[in-house]
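Here the protein sequences come in this chain order: F and B.
The first sequence begins at 1 in the working numbering and counts up one residue at a time.
The second sequence begins at 1 in the working numbering and counts up one residue at a time.
I should point out that these hints are in silico values taken from the structure, not numbers from a laboratory.
Beta carbons: idealized from backbone N, C-alpha and C, even for Gly.
Don't take every hint at face value.
Unchecked claim - Facing chain F, from chain B, some residues (calculated, C-beta under 8 angstroms):
(1) A54
(2) G57
(3) A59
(4) G84
(5) H111
(6) S152
The chain contents come next:
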Amino acid sequence: MNRVLIFVLVVVLAGCGDRSFHGKDIAHLMPPLAFDLVDERGQAVDESIFAGRPVAIYFGFSHCPDICPMTLAKLAAAARALPEAQRERLQLAFVSVDPARDTPERLAEYTGAFSDRMIGLTGDQRQLTELTRRYRVTYGYEEPDAQGNYEVSHSSAIWVFGPELEARLMLFDNLAISEMAADLKRVLAESG
Amino acid sequence: MGRIAAGIAALVVLSAGALWWVSTLEPAETLEFSNPRIRLVPGGGPMAAYFEIANHGDARVRVTGARSDAFGRVMIHRSVVEDGQARMRHQDGGVAIVPGQRVAFAPGGLHLMLMRPQKALNVGDSVEIVLELDGIVPTEWPLDFIVVPITSP
């Protein structure tokens, strides 16, 4: 029921701004991309690695069995559905908010399973909190079970930034692949 | 000749009638399962299993749990998104399917969470998961799940 309400809200909000996005237009609503994180090779990186081309970023964790792989699979499929020239300009990124389990090596294996165009990032708690707060989302850890397994709550949206790192669009997990692809196509066309 | 043809025709009509009568009396199966699959996640982390279950019987059936030799533990979970936050809810009471109802364990919602894979799986493998049911005999229903790529929709 909540998902239906969120969906209706998204449709209504999208309708208020620009009817041609299936997701939510966040241009001028959210700050430009900025972060200090660690990449799949363990190297410290900042937002400049994405400068010059649009990037779609998802916050999650690799021990998430359902919604993370579902959303990342949709994103990867939407990217594959783009015309080749656009596909090659779009960058895909997965930011793990579970650095204790998502080592750079594990991130590399995980993101590579979805697309060779997807890169994994993570960071320490201060870095991750700074980045998620910037986009008004949170993440949190639930109590571990007897084996030490724990769940992580995280943002369900994909965040799309333009070539100048400007905030462009939020895509939601309940969009169809074709809807994600149409929105990405438009962002890429506008940033030609 | 005419009598033989009439006899065959009568037999066909009677058989069809009998089949129709039997089929309305008793569905082939009380429970119907479809599209059982496991989304492969590399690296030894948890995965999700999905399927659909339809209850053609006349009593409420509840999926109370599941287990598999291929995983250390199997739990019934539901992914929920509230205020843009995704989290998982353990389904303590199981999942009830009333007569005539079809329930989908599907991406982004209900799923079996498969913890601690006991061996490496590959796309195309078949993995047995035993569903534990309440309200029907037998109470244990083994089901073969096919392993599908992580990029499956």
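Tested hints:
no., hint, in the structure
1, A54, "22 angstroms, violated"
2, G57, "27 angstroms, violated"
3, A59, "27 angstroms, violated"
4, G84, "6 angstroms, holds"
5, H111, "5 angstroms, holds"
6, S152, "6 angstroms, holds"
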